[in-house]
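Enquirer: These protein sequence lines map, in sequence, to chains A and B.
Just so you know, we're using this note's numbering here: the first sequence kicks off at 1 and counts up by one.
Just so you know, we're using this note's numbering here: the second sequence kicks off at 1 and counts up by one.
Keep in mind the hints are simulated off the structure, nothing from the lab.
If a hint is listed, it holds; no wrong ones were tucked in.
Below, a list of computed lysine-lysine pairs in the PhoX-like style, where the Cα atoms sit at most 25 Å apart:
1) A:K320 - A:K51
2) A:K328 - A:K71
3) A:K91 - A:K72
4) B:K49 - A:K429
5) B:K55 - A:K321
6) B:K55 - A:K430
7) B:K55 - A:K320
If you're wondering where the values come from, they're calculated on a predicted model, not measured in any experiment.
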Amino acid sequence: MKYRTVAVSTAAALAAGALLSGCGTDDGGDEPAASGPASLTYWAWAPGLDKVADIWNKGPGKEAGITVTVKKQASGDDLVTKIITAAKAGKAPDLVQAEYQALPTLVSNDVLADISEEAGDAKGEFADGIWQQATLGSDALYALPQDSGPLMFYYRQDLFKQYGLTVPTTWDEFAETARALKKKAPDKDLTTFSSNDSGLFAGLAQQAGAKWWTTGGDKWKVAIDDPATQKVADFWGGLVEEGAIDNQPMYTPAWNKALNTGKQVAWVSAVWAPGTLTTAAPETKGKWAMAPLPQWTAGENVTGSWGGSSTAVTNDSRNKKAAATFAKWLNTDPAALAALVKESGIYPAATAAQTGGALSKAPDYFSNQPGFYTQAAKIARGTAPAAWGPNVNVAYSAFKDNFASAAKTKSDFGPALTAMQDATVADLKKQGFGVSE
Amino acid sequence: MTRTPRRKAYGVKSAPYAFLVPAAVLFLLFFALPIGYALHLSFRRTEVKGLGLGKGARDEIWAGLANYTDALSDSELLTGALRILGYGAIVVPVMLGLALLFALLLDTDGLRLRGFTRLAIFLPYAIPGVIAALMWGFLYLPDVSPFLYLLDAVGLPQPDLLDGGPLYLSLANIAVWGGTGFNMIVIYTSLRAIPAEIFEAARLDGCSQLQIALRIKIPMVAPSLILTFFFSIIATLQVFSEPTTLKPLTNSLSTTWSPLMKVYQDAFVNNDIHAAAAQAVIIAVATLALSFGFLKAANSRTKQGDSR
Numbered sequence: 001m002k003y004r005t006v007a008v009s010t011a012a013a014l015a016a017g018a019l020l021s022g023c024g025t026d027d028g029g030d031e032p033a034a035s036g037p038a039s040l041t042y043w044a045w046a047p048g049l050d051k052v053a054d055i056w057n058k059g060p061g062k063e064a065g066i067t068v069t070v071k072k073q074a075s076g077d078d079l080v081t082k083i084i085t086a087a088k089a090g091k092a093p094d095l096v097q098a099e100y101q102a103l104p105t106l107v108s109n110d111v112l113a114d115i116s117e118e119a120g121d122a123k124g125e126f127a128d129g130i131w132q133q134a135t136l137g138s139d140a141l142y143a144l145p146q147d148s149g150p151l152m153f154y155y156r157q158d159l160f161k162q163y164g165l166t167v168p169t170t171w172d173e174f175a176e177t178a179r180a181l182k183k184k185a186p187d188k189d190l191t192t193f194s195s196n197d198s199g200l201f202a203g204l205a206q207q208a209g210a211k212w213w214t215t216g217g218d219k220w221k222v223a224i225d226d227p228a229t230q231k232v233a234d235f236w237g238g239l240v241e242e243g244a245i246d247n248q249p250m251y252t253p254a255w256n257k258a259l260n261t262g263k264q265v266a267w268v269s270a271v272w273a274p275g276t277l278t279t280a281a282p283e284t285k286g287k288w289a290m291a292p293l294p295q296w297t298a299g300e301n302v303t304g305s306w307g308g309s310s311t312a313v314t315n316d317s318r319n320k321k322a323a324a325t326f327a328k329w330l331n332t333d334p335a336a337l338a339a340l341v342k343e344s345g346i347y348p349a350a351t352a353a354q355t356g357g358a359l360s361k362a363p364d365y366f367s368n369q370p371g372f373y374t375q376a377a378k379i380a381r382g383t384a385p386a387a388w389g390p391n392v393n394v395a396y397s398a399f400k401d402n403f404a405s406a407a408k409t410k411s412d413f414g415p416a417l418t419a420m421q422d423a424t425v426a427d428l429k430k431q432g433f434g435v436s437e
Numbered sequence: 001m002t003r004t005p006r007r008k009a010y011g012v013k014s015a016p017y018a019f020l021v022p023a024a025v026l027f028l029l030f031f032a033l034p035i036g037y038a039l040h041l042s043f044r045r046t047e048v049k050g051l052g053l054g055k056g057a058r059d060e061i062w063a064g065l066a067n068y069t070d071a072l073s074d075s076e077l078l079t080g081a082l083r084i085l086g087y088g089a090i091v092v093p094v095m096l097g098l099a100l101l102f103a104l105l106l107d108t109d110g111l112r113l114r115g116f117t118r119l120a121i122f123l124p125y126a127i128p129g130v131i132a133a134l135m136w137g138f139l140y141l142p143d144v145s146p147f148l149y150l151l152d153a154v155g156l157p158q159p160d161l162l163d164g165g166p167l168y169l170s171l172a173n174i175a176v177w178g179g180t181g182f183n184m185i186v187i188y189t190s191l192r193a194i195p196a197e198i199f200e201a202a203r204l205d206g207c208s209q210l211q212i213a214l215r216i217k218i219p220m221v222a223p224s225l226i227l228t229f230f231f232s233i234i235a236t237l238q239v240f241s242e243p244t245t246l247k248p249l250t251n252s253l254s255t256t257w258s259p260l261m262k263v264y265q266d267a268f269v270n271n272d273i274h275a276a277a278a279q280a281v282i283i284a285v286a287t288l289a290l291s292f293g294f295l296k297a298a299n300s301r302t303k304q305g306d307s308r
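Based on the sequences and whatever the hints tell you, model everything.
Expert: Next comes the structure, spelled out in C-alpha cells:
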C-alpha cells in the first residue's frame, strides 16, 4: 500500500515534470496536433504494470509528452461493470485492461474507441486468432492484445512414471490414462472438472472448433450447444459420470492440497500455470512437466485459450491518439514486452516476444524442463480463434450454475449445455439484440 | 413591549426547522435520493438494436412494470427466497435460543469469570462476516478440515458439509456463531435492568432459580427478544456474504442462491442494473412487510397481555 502511494506520487511528480518540459520544448507547428502534453489514466490489474508505465514515462513518453498513471483495479467482471458505469458518467479512464471476452460487452456499451487508424498497423505482430478477438471480426480495432493463455497439459512426471502412465496426445488417450490411474491408485485423480472455471471450458470448446458467438447481417448467432461443444461436454461429463476424474471445483484450499500432495496428478491449464502451481503446490516444484494439450485428431496442433487480456482506449479519453500510441508501445515494443514479462509475469500476445529475452529461460518451477517456452511458443502458434459475444457473462454464469449441479450429481452434461445456450439466447433477445435461430 | 414577544414567536417558530435542516438534507441526499434513483432505474430498461455494436445501438427506454413482472415470475428468485426461509428456520431459533440461554446463565448469581465469558461469547461478532465464512469454509472442506480428519481417524463416515441438507446447517452455523454474542448482549442488558426487588419477592415466595428464569426473567425481557427477532429476520433476508464466500468451494451453491446474490449477479455480472433494481425494490418491500408485520403482531399481543 505504502509502496503504491509512493509509485503513484512519483508518477504524478513525473507527470508534472513532463508537462513542464513539454511546454518548455514545444517549438510548435511541426505536426498538426501531434501529441501535445497528455496525461493518461490507465485502469489495469496486472501486477507491476506501474513499473512498466514508469519506463514509458521516463523514456518514450517523456519525448512525446505523454504521461501514463496506472490505477490498480480488481480483475474480471467487476472491472467491466465499473468501466461501463464510469463511461455512463463520462468519466472512464483513457486506457483500460480488458479480457478478450469482455470486449464485445464493452463495445456494445459504446465504451471503447476504434483505434484502427492509430494502431491498425500492428496486425502483423500477433497471431490471427488473437488479432481477430481485438477486432471482433470487423474493420475496427478495439484493443491491442496484451497477453494470451494457450492451453497446455501439465502432469506430475514422477507420478506418471511411478504408475506407468504415458503422456496422452489425444483425448481418447487422456480418458484411458484417467481410467488406468483410477485402477492403479483409486484415491488419486488424473484431474478434476471444475464448474467454476467457465474460461477453461470455453478454451476446450475452441480447441474442438466451437465458435460460440458469430454474426450474420445484423444478427447474432449463438452456437454454444453446437456439435463441437457437445463433444467436449460429453467427454468430460462421461469421465465425471464414470468416476474416472474428480468433480470438485478448482482454486479451493482442497484443490491446492490435492495438487500439493499428488492426489491430483495432472492439470489441463494455460501457459500461466507455473505461477499458480508455485503458490498452490510449492512442495512439488521440479516434479511437473508440460506437454501439448491432447488433440481430438492425432497429429494435429490445435489449442484453445484460457484467459488473456488486451489494452483498450475509451471513447471518454480526450487524448485517444496519445492513448493508442502508448497501448501500441506497451504491447509491441521489445523493451515494454520484456518489462511486462519480467514485472507482470504475463505471457505476451505479440508473437516475437514469446521466445527469447525474458522467456529464454524456463520458469523457476519448471527448471527441469529447460525448453518450456520454446515448446509453449510452438503450442501457441496453433491457438484456435475465439468468438465472443456481448453477453459472455450471462453464458458464464449459466455454465457455473448448470454444470455445477450436473457435476455434483454426476449426470449427463448435455442438458446443462442446452440450458447454457438457452439462457444466453434468452438474455440476448430480452435485451433486444437481433438473434438468428 | 409588543416587539419582544413577536420576535420571540418568530424565533420559536423557525428554530425547529433550522434544527431539522441538517437531518433532512442528509436524509434526502443519502436515503431518499438513492431510493428514488433505484425506483427510477427499476422502471426502465436498455434496448439494443441489431448487433448492438458501436454508437447509438443502446438506448435506455421506459419499461413500465416489465422488470417487476420478470422478477416475480423468475423462478430463481422465488426458489432463492425459499432457500433462505429454510436457512432462517434454522438460524433464528437456534441463535436466539442460545443467546437467551447464555444471557440467563450469565445473569445467575455467584457466577465467576462473568466478564471474560461475556467477552468470549461476544467476540465472534467482532469478526467480519467474510473472514468468518472463509475460516469456516476451510473447516468444512473435506481435504483440509481438521474435524473431518478426526472423524476419519476414528473410522466414522465423513459427511459432505457443503452439500444438500448439511449445507444449510453449515451456513446457519456461521450465522449462529457470529450472531449469538450480539443478541446475548442485548438480552443480557435488559436482564440487568430488571429491579432486584422483584427477584427478592420471588425468592421470598419460594421460587427456584429455574422458576425465576422462566416465570420472571423471560417474560420481562420479551421486548428485547422481539427486538432481536426483528433484527434476525432482517439479517436472514439479507444473507449474502456467507454463501458468496463459500460459493467457489462447492458445486452446491449457485450464483443466485439467495435473493441478494441474484441482485448482485444481475447488477455486477450481467450488467442489468434495471432488473437488479426491480428485484432490490421487491426484496426491500418484502423485508419491510415481513418485519413490520411481525412487530405489529408482537405489539398487539403484548397489548392484549397488558389489558388482561
